[in-house]
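Novice: Could you put the whole structure together from the sequences, leaning on the hints where they help?
In case you want the letters, here they are:
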Amino acid sequence: MNIESRKRELVKEFSPLLEKTTKVSKIWMGVLVAIILVGVYAFFLQLFKGHEVTGMRDNVVWGVYIINFIFFVCLSYSGAFISGILHFYKTPWKNSVSRIVEIITVLSLIIGPIFILLCIGRLDRLHYLFLYPRIQSPITWDIIAIMTDLIGCFIYLYLTFIPDFAILRDHSENAPKWRQKVYKFLAIGYQDTPTQRETLHKITRTMSAMVIALAIVAYTVLAWIFSLTLQPGWNSSIFAPYFIVAGLYSGIAVIIIAMYLIRKYYHLEHYIRKVHFMVGGVILLILSLLYGYFTFSEYFSRWFSHKIHDTNLLNTLFTRYFWQFVLANYIGVLVPVVILFFKKFRSIKSITFASVIAILGLWLNRYLIVVPTLETPYLPIQDTREEFVHYTATWVEWSLSFTGVAAFILLFILIMKLVPIIPMSGIIDYERDNSKKKRTVNPKITE
Amino acid sequence: MQRNILKHSTITCFLIALLFNFSSKAQETTVDDYKMSFSFKTTKKFDNTRVLEVNFIGKNREDRKDKIPVFDAEIQFFNIANGEEILLGTAKTSNEGIAQIILSEKQKYLTDEDGYINLTARFEGTDALDAEEEEILVRDLILELNLEEIDSVKTIFVKAYTIDSLGVETPVEEVDVIISIEGMLSKMKIKEGTIENGEIEFELLQNIPGDIDKNFTVYAQILDNDEFGDVIQKKTVNWGTFDKISSIEENKLWSEAAPIWMYIVLTILLVGVWANFVYTGYNLFKIRKETKVVEAKVNNEEETV
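These protein sequence lines map, in sequence, to chains U and H. At the far end of the first sequence sits residue 447, using this note's numbering, and the numbering has no gaps. At the far end of the second sequence sits residue 305, using this note's numbering, and the numbering has no gaps.
Worth flagging that the hints you see were computed from the coordinates, not collected in a lab. Because the structure is a prediction, the values reported are computed rather than measured. By construction, the Cβ of each residue, glycine as well, lies at the ideal position given by its N, Cα and C atoms. Hints should not be assumed to be uniformly reliable.
Under the rule of at most 25 Å between Cα atoms (straight-line distance), these lysine-lysine pairs were calculated in the BS3-like manner [to be verified]: (1) H:Lys154 - H:Lys244; (2) U:Lys184 - H:Lys289; (3) U:Lys202 - H:Lys292; (4) U:Lys184 - H:Lys154.
Stretch by stretch, here's where chain U covers chain H in the computed footprint (C-beta under 8 Å, at least three residues) [what the hints assert, rightly or not]: (5) 258-265; (6) 289-297.
Specialist: Structure below.
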């Protein structure tokens, strides 16, 4: 196999994805930019007027921002976890998924923490967290964990991109000059020599293991922010594994949705095949069962213990939040389970639909973890205005939430414009390994 | 499905019968379903007062676990001797079905020729409940409890005797006695034995925890005795030990500085992770360096050619 000509072939195959932008893509990007601009306006409004423009008050101090934060950060951790695991598999099908997962990981880890900044009333005091950190506080642990994880994920993502940058540097003669310069800079002179390849594989392997460990630690610390308090609804010993399972559940669901959209709009049916959805569907089924089990255990133990504050919380969940509770914990679990459990129901579209339901259910589940708990504190709230006791998100919060999603999609599209969504180096490595195997098998046959 | 139901017609009939039977069984319980239990006992306390107590409850004839106390029933307590009835007092049963009176230490009792006191509890009965009566015969017992330290051995002396009308003390025989220490919730039994010739002695255990002044209370109890009923005596003694209450450990996470282990664990984790980042950076630098070497070689070769 002539590797150089194969590389050239692959660059030629993926070049349209990098260089051409269709009309639909442009419209899409325009819509996303518009959403982001509205979000920027909402952000400045919040910055100048303060949290008055949000639904957050003295009692319910956390709203949809923290839910988005948990959602994105968990998505990132699960991406890192899955990506780290995929790296240890030497299968051809992992190539089609691995880059999607890596991009999801980094983007959600960039966007997630922005939401926690939006929760802070006095951003001018943010630097105090670093100047006077309390090592005893889970918030400090979370800041350390997120920053370390972010850097780790960036390094990991960059390591996986280097061979592709090198391929693009060497075979993008027709690309614009700026693009060639970017590829040259990012490829750090990588020449794909056996020593370089071995070194890169070694450090990527170590980083993938590290990223899995970091994801578990960071997940756990995030769960501890809630579970180490004494709040009813949060103080739970199973919160850390519950968050891990829920995060993986959302991670797999987002990967499936991303695979569906990329496959459909970039016509990558040859690379993203039905088998990817089937495997993803089975993993989603296992995780949905696990997630359902944890959710049941969590609420059942609260109901059975019959402690007064837990009972108050459950009463709130079953009255004021009845439909949200049903959607989050019944529909959000049972619909994916039913779709994915029966083989005849499993199709690309149905699996994607199950993923969408899972995502919506999970987001609502996080809402139910945060808001009703804050609405039922230990000390009863008396003689307070209704809007101070109960929380309803304002347009500013919704706008900034959608901005997060829009920024995620837009950045995803832009990264796909920089490097192919299917790692070319992965394809080359696989084909090189295959030809090596053939070479070692053939002499044996002739003997 | 329908075929299955018809196939197992016997079971189906039984299930239907059972289903309807539930509703037919659902009827109110009446007093006739309960058997009345009227138990009477007396306890002579350490201050020589005497407690007379009736426990009046109804027990379901079919369900032994179902017990209902008889509430607000008036119980009369009598001392009877030679056909003469002296009303000692009346009491109404509580929510728990217990009626109780306490007779003073100065209370005089009529006795029969053998020195037995006849104590009777009586419930007159109502339209719903039958009359109840129970009598007990007890002799008045003097129980003495003395605590002495003999040759550094802490010893409990129990003496039990009766006094006849002439004032003659008669030591009792073959009476079981229990020695206990008063605990926070109940009495803790530490010794037991049988009184012979009116006396018994016990060696007390060492290092019994006392209160803040090192005091603890010792009880001598004769319980459910056929001749004397319940007799209790107690004495407080300064033989206990007292351990200072260990200071309540404050939450370390609320203190100025975190516990040392937290610094150590965090440092190990962070150093481990960041060392790996640095190692990765070093390897990337090596890759770049190798490229420069390769490029230099190629340039040299080109120049030579």
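Novice: Against this structure, judge whether each hint is valid.
Specialist: Verification of the hints:
Restraint check for H:Lys154 and H:Lys244: the C-alpha separation of about 23 Å stays at or below 25 Å, so the hint holds. Restraint check for U:Lys184 and H:Lys289: the C-alpha separation of about 15 Å stays at or below 25 Å, so the hint holds. A threshold of 25 Å between alpha carbons decides the hint, and for U:Lys202 with H:Lys292 the separation of about 21 Å falls inside it, so the pair holds. Of the supplied pair hints, the one linking U:Lys184 and H:Lys154 is violated, its CA atoms being roughly 94 Å apart against a limit of 25 Å.
Against chain U, the stretch 258-265 of chain H contributes 3 residues with a C-beta closer than 8 Å to a partner C-beta. That satisfies the three-residue criterion, and the hint holds. Chain U is given as covering the stretch 289-297 of chain H, and this holds because 5 residues of the stretch bring a CB closer than 8 Å to a CB of that chain, at least three being needed.
Comparing the model with each numbered hint stated earlier shows that hint 4 is the single one that does not hold.
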